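Enquirer: Using the hints, position chain G against chain L.
Same order as they appear, the protein sequences are chains L and G. Heads up: the first sequence begins at 1 in our numbering, then just goes up one per residue. Heads up: the second sequence begins at 1 in our numbering, then just goes up one per residue.
If you're looking for bench data, these hints aren't it; they were derived computationally from the structure. Remember, it's a predicted structure, so these values are computed and weren't measured experimentally. Some clues are possibly wrong.
Calculated pairs, SDA-like style, for lysine to any residue (alpha carbon to alpha carbon, straight line, at most 25 Å) [as the list claims (entries may be wrong)]:
id : chain 1 : residue 1 : chain 2 : residue 2
1  : G       : Lys409    : L       : Val124
2  : L       : Lys87     : G       : Leu410
3  : L       : Lys100    : G       : Lys488
4  : L       : Lys87     : G       : Asp472
5  : G       : Lys488    : L       : Glu80
6  : G       : Lys324    : L       : Val103
7  : G       : Lys324    : L       : Asp163
8  : G       : Lys324    : L       : Glu123
9  : L       : Lys195    : G       : Tyr224
10 : L       : Lys57     : G       : Asn329
11 : G       : Lys324    : L       : Glu140
12 : G       : Lys409    : L       : Pro102
13 : L       : Lys87     : G       : Met220
14 : L       : Lys87     : G       : Pro412
15 : G       : Lys488    : L       : Val103
16 : L       : Lys57     : G       : Leu328
17 : L       : Lys100    : G       : Lys324
18 : G       : Lys409    : L       : Glu123
19 : L       : Lys87     : G       : Gln494
20 : G       : Lys535    : G       : Asn516
21 : G       : Lys488    : L       : Leu84
22 : L       : Lys87     : G       : Arg491
23 : L       : Lys87     : G       : Lys544
24 : G       : Lys488    : L       : Pro34
According to the in silico footprint, chain G covers these stretches of chain L (three or more CB under 8 Å from chain G) [unchecked claim]:
id : region
25 : 46–55
26 : 73–86
27 : 90–101
Yeah, the Cβ is synthetic: ideal placement off N, Cα and C, and Gly gets one too.
Read off the chains here:
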Amino acid sequence: MPGLRTMTLPSKCLNCDVELSIPIVCGGCHTLYPIPQTANYFDLLGLPQQFDLDGEKLSDTYRAIARNIHPDRFAGQATEMDLLATKLSAQVNEAWRVLKDPVRRAEYLLELANGPSAADCREVPGDLLARVMMLREDLEEARDQSDEQTLTSLRCSIQDERDHAFDNIAKRANDLSLANDTEKKAFRQLLNSIKYFDSLLADFASDPLSQGNPQQ
Amino acid sequence: MAKASDTIIGIDLGTTNSLVACADEAGPRLLPGPDDGADFLLPSVVHIDPMSSQATVGAQARAQAIEKSTDTIYSVKRLMGRGFDELAIERERLPYKIVSFSKSEENRDVAAIEVGSNRFTPPEVSAMILRELKSRAEAQLGQRIDRAVITVPAQFDDAQRQATRDAGKIAGLEVVRIINEPTAAALAYGLDRGERSMIAVYDFGGGTFDISILRLGDGMFEVYATNGDTHLGGDDFDQKLIELFTSEIHEQFGVDISSAKIKQQLRTLAENTKQRLGEHDQAHVEIAIGEDDQYKRTVKRDEFEEMIKPLIERTIESCSRALKSAELNPSQIDQVVMVGGSTRVPLVRKLVGEVFQCKPYTAINPEHVVALGAAVQANILAGGRHDLLLLDVTPLSLGIETLGGAIGKLIPANVRIPCQATETFTTFQDGQTKVKISVLQGERELAKDCRSLGVFELQGIPPMPAGIPKIDVTFLIDQNGVLNVSAKEQRSGQVASVQIIPSHGLTQDEVLRMTNDAVTYAHEDMTAHHLIDVKTTTEFDLNKANKMLEKFGSLLNPQTQAQLIRAAADLREFAKESDDPVAINQQREKFNHMTIPLAELAVAASLQIDQEDAHKQTEVASDET
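Isolated chain L (complex conformation) (with noise of 0.2 Å):
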C-alpha cells in the first residue's frame, strides 16, 4: 500500500527499499515523498540546474513522474493521500511548465540566482525602447498603406532582434550562479526586452479576423 512520509527527498524508498528512479514518487509502491521546502523546480523533475536542457528528456521525465502521481493513481484512498497528490501534481505541472519555456526557464534561473525580478527592474538595454517606438510607428505606417512588403521585413527584422537577444540570454543562463550584480542586471534587461519583441510580434499576428472578441 502506498504510504505517506514526510522528510527531504531520499534516494532510496523508504517503504519497499527499492532505488527512487524519479523523484517524490516510488515507482514501485506508489509512495508519495512530499517537496521538501528547499527543493526547486529543477530538483523536483530530478534535473541538472541548467539552462541547456533536453526538451524531449524534459518531456519524458514529466511525463513519468505526472503518471505516477496524479490524483487518478490515489482514487478512492484516504483523503489526505488524494490531497498530497492533487497538491504534488500541481506543483510538478508548474515545474514544467517553467522549464519546458526557454525564457521562463532563464528568468526561473536568475530567480534562483537571486537576480533582480521584473517588478525590481524594468529597464531594457540602451536604446531599445526608441527603437521599438520608430518599429510601431513603421508597422503602423505600413499596415495603413497595407505595404504587405514592407510589413514583412519589418517582422523579419524584429525576429531576428529577439533572435539575438535570445542567443544572448542562452550564451549566459547557465553561469548565472556565478554572476556578479552587474551581470545578473544585464540579464535582467535581456528577458526584459524579449517582452518588448514579442508583443510587437503578437502585434503583427493580429489581423482584423483574429483579433475577434474573445467570448465571455
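Expert: Only chain G this time, still in chain L's reference frame:
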C-alpha cells in the same frame, strides 16, 4: 433493490440529449432506456406539472413540448451557473419563464425557472435528468448506483462546473469527477489506438462548442490547449431559421409570433429543416398561421449555409486560438475527431477540413462518444484500470480583482491541472480580522468584463496592526477544474477559514435543502418504481410456475395440482388489481412457498431425464469403441 456497488457510471449531460454508460474489462458500453427498442439518447427535456410539480423526463416530455410549452424545460444546460441578468438572450428565446432565484445578497445573481407557483434552479432541473439516467443504469445493471463521472464543456467556468456537481448531489449521485467533453471523446477515440499522435477534438454540440488539442501516446491523454464558446451550438443554427420564418410570417400575414406554443412549433420545424438539409439540397416548410393561413416555403441548402456560416467561422477562430496556445501548426495535427450532433452539418465538416488541412474523422458516432469516454474515466477511478491517464488543462485564466477594477492574473489559461498559485494579502485597518477577495475567471483585462466566481471572505485573522498580518491564500484548481481556496496567516500559522459567497451558484445550505426536497419527490417516484418491479417479478414467478405445472403437474396428486392452479389465478388477479407493492410481495412469497413441492419434483424429474440422457450417451460411446 441490490446493495450499493463499486460501479461508477459515466454521464454525458448534454444540452439536447443525455446518455449514460458504464465500462468494464470488455470496454465501455451505453445503457439504453427501459422501453423495447429504446434509444440510448435521453432527450434533455423535462416537463414539470404546474400543479403537482411532478416531473416527466425525456422523449415523453419532448412529445408534449408544443402543447405544454411553458412547463417544458429544454436547453437547461445553457442556464447552469448563470445569473438572471446574464440570460437576456435566453429569456427572449426560451418559451418557459426564467426568473431570479435569489438576490438577497449584494452581487449575487442566480437564475431559476418558474413553473406554476414553484421555482426550480437549473441544477434542480438537471438533477431530474440525472435521476432518470441513474435509474436507467440501475435497471440495466441490476444494482444501486450512487457514483458518477459527469462531463461538461471544456469551456465551462467554475460556477458552471459547481452547478453541475450540485445537480449530481441533488440527484443522489456523488460526482467523483467532472471531465471535459472533448477530453472524454478523445479517451474513447484513443482507447484502442497505440500509436503516438497529436489530435484535435472538434466538439460542436447543441449549445456549446469546444476545441481541444491533445497528445495521445503511452496510455496518456495530454491536453495541450482548449478553446471554445459555451454559448454557441446547433441551437443557434435553429435560431437562424426561426428568425427567417418569423420575419417572413410577419411580412406575409402581419402576425407577430408571441405565443409560447407557436414559438415551440417553429423550433420543431427549424430542427427538422436543419436535419433534412444535412442530407438533401432543399427542404420544404409548412406551418398553419391562425385559422385560414398557411406559411409555405422551400429552404435551399445554400441559403441555410449562408445563414450559419458566420457561426461556424466563430468556431474556426477558436480553433486558431487553440493551435496558437498549443504552439502548433495545423500540419502538426494528425487527426481531427468530430464530436457532437452539429458536426453532421456538411458545411461544418468542410470548413473544419480546410483549417486543419485534412479530412475530419467522422467514423465514430458523434453523439455517443462523450458518454463512452466518461465511462472509461469512471472505470479508471473505480480502480478498474491503471494503464490510462488524462491530463487536462484549465480553460480560463483565474485572477483576483485589484484596486481600480483591474484583474490580477494568478493562473493563466491552458495550464495543466491540478495547478495552484499563492498570493499574499494583508489588512488595511488595525485589528481587522476579515479580508474579502473577489475572484474572477476570464481573459479580459478589466474585472467587469470577466466572470465573477464569488467573494471569498477570509475569517479568523489574528487581530494585529494594519499591514502586519501576512495571509497566504492558495488558489488550487483541482483535477475537476474546480477551484479550492485555503488561507494561512504566516506569522501565527493560523489557518483562516474561507467563506464563499458564489456570484451565480448555490450555497452549500441551498444544495442540502434541494437534496432533501428531491429525496421527498424521489420517494413518490420510488413507490411507483417499486410497484412496477414487484409486478414484474410476480409475473415472472407465475410464468415459471405455470411452465412447471404444464410439464410436471401430473406428478402431483390431483388435489394439490388444483390448489396450485387456483392459487396462481388468485395471485395474478391480486397483482393486477392492487397498487400496494408490499401486499403483492407477501402474496407472491406465499405462492412461491406453495410451489416448493412442485419445484422439487421438477428438479428430480429433470435430473432423471439428464441421467437417462447420460446413459444413452454412454451407450453411444461404448458402441463406438
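Enquirer: Each of the hints needs a verdict: does it hold here or not?
Expert: Do the hints match the structure? See the list:
no. : hint                : in the structure
1   : G/Lys409 - L/Val124 : holds, 24 Å
2   : L/Lys87 - G/Leu410  : holds, 16 Å
3   : L/Lys100 - G/Lys488 : violated, 31 Å
4   : L/Lys87 - G/Asp472  : holds, 16 Å
5   : G/Lys488 - L/Glu80  : holds, 18 Å
6   : G/Lys324 - L/Val103 : holds, 17 Å
7   : G/Lys324 - L/Asp163 : holds, 20 Å
8   : G/Lys324 - L/Glu123 : violated, 29 Å
9   : L/Lys195 - G/Tyr224 : holds, 23 Å
10  : L/Lys57 - G/Asn329  : holds, 23 Å
11  : G/Lys324 - L/Glu140 : holds, 24 Å
12  : G/Lys409 - L/Pro102 : holds, 21 Å
13  : L/Lys87 - G/Met220  : holds, 20 Å
14  : L/Lys87 - G/Pro412  : holds, 18 Å
15  : G/Lys488 - L/Val103 : violated, 32 Å
16  : L/Lys57 - G/Leu328  : holds, 20 Å
17  : L/Lys100 - G/Lys324 : holds, 16 Å
18  : G/Lys409 - L/Glu123 : holds, 23 Å
19  : L/Lys87 - G/Gln494  : holds, 20 Å
20  : G/Lys535 - G/Asn516 : violated, 29 Å
21  : G/Lys488 - L/Leu84  : holds, 17 Å
22  : L/Lys87 - G/Arg491  : holds, 22 Å
23  : L/Lys87 - G/Lys544  : violated, 58 Å
24  : G/Lys488 - L/Pro34  : holds, 19 Å
25  : 46–55               : violated (count 0)
26  : 73–86               : holds (count 4)
27  : 90–101              : holds (count 6)
When each numbered hint is compared with the structure, violations occur for hints 3, 8, 15, 20, 23, 25.
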